[in-house]
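So the chains spell out like this:
2 protein chains.
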Amino acid sequence: MTITSFIPPHRTLMGPGPSDIYPQVLQALSRPTIGHLDPLFIGMMDELKQLLQYAFQTKNPFTIAVSAPGSAGMEACFVNLVEPGDKVLVCRNGVFGERMRENVERCGGIAVVVDNEWGTPVSPDLVEQALQDNPDINIVAFVHAETSTGALSDAKTLAEIARKYDCLTIVDAVTSLGGVPLLVDEWQLDAVYSGSQKCLSCTPGLSPLTFSQKAIDKIQQRKTKVQSWFLDQSLVLGYWSGEGKRSYHHTAPVNSLYALHEALVLLHNEGLENAWQRHRNAHEELKAGLEKLGIQFVVEEASRLPQLNAVYIPDGVDDAEVRNELLQRYNLEIGAGLGALAGKAWRIGLMGYGARSENVALCLKALETTLK
Amino acid sequence: MTITSFIPPHRTLMGPGPSDIYPQVLQALSRPTIGHLDPLFIGMMDELKQLLQYAFQTKNPFTIAVSAPGSAGMEACFVNLVEPGDKVLVCRNGVFGERMRENVERCGGIAVVVDNEWGTPVSPDLVEQALQDNPDINIVAFVHAETSTGALSDAKTLAEIARKYDCLTIVDAVTSLGGVPLLVDEWQLDAVYSGSQKCLSCTPGLSPLTFSQKAIDKIQQRKTKVQSWFLDQSLVLGYWSGEGKRSYHHTAPVNSLYALHEALVLLHNEGLENAWQRHRNAHEELKAGLEKLGIQFVVEEASRLPQLNAVYIPDGVDDAEVRNELLQRYNLEIGAGLGALAGKAWRIGLMGYGARSENVALCLKALETTLK
Numbered sequence: 022m023t024i025t026s027f028i029p030p031h032r033t034l035m036g037p038g039p040s041d042i043y044p045q046v047l048q049a050l051s052r053p054t055i056g057h058l059d060p061l062f063i064g065m066m067d068e069l070k071q072l073l074q075y076a077f078q079t080k081n082p083f084t085i086a087v088s089a090p091g092s093a094g095m096e097a098c099f100v101n102l103v104e105p106g107d108k109v110l111v112c113r114n115g116v117f118g119e120r121m122r123e124n125v126e127r128c129g130g131i132a133v134v135v136d137n138e139w140g141t142p143v144s145p146d147l148v149e150q151a152l153q154d155n156p157d158i159n160i161v162a163f164v165h166a167e168t169s170t171g172a173l174s175d176a177k178t179l180a181e182i183a184r185k186y187d188c189l190t191i192v193d194a195v196t197s198l199g200g201v202p203l204l205v206d207e208w209q210l211d212a213v214y215s216g217s218q219k220c221l222s223c224t225p226g227l228s229p230l231t232f233s234q235k236a237i238d239k240i241q242q243r244k245t246k247v248q249s250w251f252l253d254q255s256l257v258l259g260y261w262s263g264e265g266k267r268s269y270h271h272t273a274p275v276n277s278l279y280a281l282h283e284a285l286v287l288l289h290n291e292g293l294e295n296a297w298q299r300h301r302n303a304h305e306e307l308k309a310g311l312e313k314l315g316i317q318f319v320v321e322e323a324s325r326l327p328q329l330n331a332v333y334i335p336d337g338v339d340d341a342e343v344r345n346e347l348l349q350r351y352n353l354e355i356g357a358g359l360g361a362l363a364g365k366a367w368r369i370g371l372m373g374y375g376a377r378s379e380n381v382a383l384c385l386k387a388l389e390t391t392l393k
Numbered sequence: 022m023t024i025t026s027f028i029p030p031h032r033t034l035m036g037p038g039p040s041d042i043y044p045q046v047l048q049a050l051s052r053p054t055i056g057h058l059d060p061l062f063i064g065m066m067d068e069l070k071q072l073l074q075y076a077f078q079t080k081n082p083f084t085i086a087v088s089a090p091g092s093a094g095m096e097a098c099f100v101n102l103v104e105p106g107d108k109v110l111v112c113r114n115g116v117f118g119e120r121m122r123e124n125v126e127r128c129g130g131i132a133v134v135v136d137n138e139w140g141t142p143v144s145p146d147l148v149e150q151a152l153q154d155n156p157d158i159n160i161v162a163f164v165h166a167e168t169s170t171g172a173l174s175d176a177k178t179l180a181e182i183a184r185k186y187d188c189l190t191i192v193d194a195v196t197s198l199g200g201v202p203l204l205v206d207e208w209q210l211d212a213v214y215s216g217s218q219k220c221l222s223c224t225p226g227l228s229p230l231t232f233s234q235k236a237i238d239k240i241q242q243r244k245t246k247v248q249s250w251f252l253d254q255s256l257v258l259g260y261w262s263g264e265g266k267r268s269y270h271h272t273a274p275v276n277s278l279y280a281l282h283e284a285l286v287l288l289h290n291e292g293l294e295n296a297w298q299r300h301r302n303a304h305e306e307l308k309a310g311l312e313k314l315g316i317q318f319v320v321e322e323a324s325r326l327p328q329l330n331a332v333y334i335p336d337g338v339d340d341a342e343v344r345n346e347l348l349q350r351y352n353l354e355i356g357a358g359l360g361a362l363a364g365k366a367w368r369i370g371l372m373g374y375g376a377r378s379e380n381v382a383l384c385l386k387a388l389e390t391t392l393k
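Protein chains in written order, with my numbering: chain A, 22 to 393; chain B, 22 to 393.
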């Protein structure tokens with residue numbers, strides 16, 4: 022066996038994530054590892070919590086990063102909030118809504134599914150109807166920004182309806198955090214998870230997570246133990262809590278947390294509103310260029326995510342061949358379609374550091390040349 | 022809020038992990054992120070699998086790294102192999118055996134616990150007795166190298182006994198992998214997990230994992246779904262498998278996997294036997310020095326881990342004060358006691374890159390000065 026160091030090329034990442042990583046984040050990642058109970062590291066984690074609270078626009082004391090990717094953040098919400106027998110409304114308009122349903126059932130919960138067509142947002146009317154029909158539902162779960170289709174749902178309205186029926190909300194903000202407005206406190210969302218590798222432009226592997234007091238209350242009233250030891254947030258809190266002595270739960274991913282800290286410092290320095298505007302600007306540039314190429318969006322303008330542009334592959338074009346040409350010739354990655362859109366759509370990400378005119382220009386010119 | 026980049030100091034890490042990280046691993050960590058479905062990344066993962074097989078001394082096709090810390094690797098073993106009602110023998114001689122018991126119960130399994138005193142290895146006789154008494158047990162779970170006490174158990178013998186009673190084995194090799202002999206195929210271990218941040222001297226956050234064919238068979242014969250979606254290894258395998266097209270499960274922690282690849286290249290270049298010998302040598306040097314200081318080991322010589330030295334805190338010495346002095350004056354971290362040994366012992370790690378004479382010398386001189 023002769024295996025040597027792996028030296029990756031420099032790609033421009035315009036798929037559904039990982040996004041282009043800030044150079045400063047890669048630098049932060051390689052800083053010297055210190056102990057996960059080192060007082061300086063604990064101080065860094067306190068800052069990280071504040072930075073996450075800013076990104077989520079929340080004052081929730083329970084605001085942390087799960088030591089694993091977004092799917093584990095999703096699972097952390099479900100295993101902590103859903104007890105066997107609990108009835109959960111799951112809104113499904115793409116791959117990640119379906120994954121939520123899987124999570125509910127693996128927790129022993131009962132999933133009531135509201136389906137919306139792929140590429141459309143979750144319909145508040147259908148949600149309200151389902152809650153009227155099922156008064157025993159106590160949680161509503163939905164995806165804010167569907168990474169598989171590029172559709173943005175109206176989290177504020179959905180949460181209002183959920184509250185009207187005395188339900189908690191579980192919200193997938195993997196692709197929305199940092200890219201479009203997400204106001205956890207103002208919208209009164211209860212359990213919200215995200216990913217490090219989308220609009221935060223941090224490396225993949227961590228999942229920002231925040232729980233409202235109502236979510237914490239439900240966890241504290243559980244009759245059964247959380248089925249996952251690793252994701253039992255009442256245990257995790259013993260480590261992340263600022264009060265008194267930190268108790269060991271698992272070894273924190275020290276360097277990955279440096280990277281997330283740095284990405285959030287950059288977001289804070291730029292300002293959330295400026296970051297949202299930058300994503301919109303890049304999207305407008307991309308949209309104008311794609312229209313000239315005759316390429317159509319999957320999602321209607323009103324609910325289109327600026328950071329994740331799902332577009333139909335033009336007729337007669339070989340999906341894999343084009344993506345391969347972009348990768349080989351231009352070191353440019355765009356995303357394939359997922360689930361129902363596999364082979365039918367591409368997903369062009371303009372996330373975080375990737376939401377820049379130079380990325381848009383490269384993508385447009387490379388597509389134009391390749392599609393000729 | 023004024024929060025700036027976090028610049029950690031350079032510590033010498035001689036606790037129970039994270040260990041001192043190879044400088045080359047930190048370099049690898051900061052290489053450009055590429056997509057987790059990029060053909061070059063898939064090639065890197067194929068190499069990583071081979072390197073992990075070497076480290077584990079196995080030909081198991083199912084040999085991967087879980088995208089989360091060692092505790093998640095532990096949970097991956099239990100949630101995949103234990104079904105509700107399964108009876109599992111759990112050997113408990115420290116913190117991590119107790120965590121195994123928790124895992125069994127959270128999976129709906131029934132844990133039969135064999136207790137051994139903290140600081141002693143698991144007794145093969147007690148295990149055999151328990152298996153005789155409970156013929157319906159089908160899994161034996163034990164910790165190879167107890168990080169909380171520094172005791173090494175005889176994995177080969179324990180696995181022989183388990184096979185005699187037709188049981189699979191789940192083995193915690195978090196602290197043993199790369200530090201002491203661990204021969205997965207020769208000893209016929211079935212489900213073995215480890216951590217990146219101990220004797221591999223990679224950054225924390227990943228958990229190497231290998232399943233034997235017998236373990237895979239048990240998973241394929243499950244009557245119930247694995248309760249964790251994130252840790253369902255039949256789904257994960259769709260991404261890690263070398264056959265045909267990789268299917269998306271979750272976004273791999275790309276840069277962390279670069280780091281693990283690099284750490285394993287370094288281990289392979291050195292050679293496992295040489296690495297084991299280096300750990301023994303460093304331990305002998307440390308032992309000689311500690312004896313001169315009158316410091317006693319917790320574990321008897323025969324089952325003492327070279328890479329994790331649990332020693333009693335001398336009478337009249339303030340635990341926290343000494344560790345704080347070592348950290349502040351020498352930038353040296355040693356570990357506190359855990360569980361039953363909290364406040365009574367220190368844990369001095371000589372793991373991976375940290376198993377070097379210069380680390381031993383620093384630790385001995387710093388302790389000598391501080392204890393005076």
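Simulated from the structure, these hints should not be mistaken for laboratory data. Some clues are possibly wrong.
To be verified - Covered by chain B, per the in silico footprint, the following chain A stretches (three or more residues, Cβ under 8 Å):
| # | segment |
| --- | --- |
| 1 | 123-135 |
| 2 | 282-296 |
| 3 | 318-328 |
Since the model is a prediction, treat every value here as computed from it, not as a measurement. For each residue, glycine too, the CB sits at the ideal point set by N, CA and C.
Verification of the supplied hints:
A count of 5 residues in the segment 123-135 of chain A with a Cβ less than 8 Å from any Cβ of chain B is obtained; the coverage claim is therefore met, three being the minimum. Coverage of a stretch by a chain is defined here by at least three residues with a beta carbon nearer than 8 Å to that chain's beta carbons; for the segment 282-296 of chain A and chain B the count is 4, and the condition holds. With a cut-off of 8 Å between beta carbons, the segment 318-328 of chain A has 0 residues touching chain B; three or more are needed, and the interface restraint is violated.
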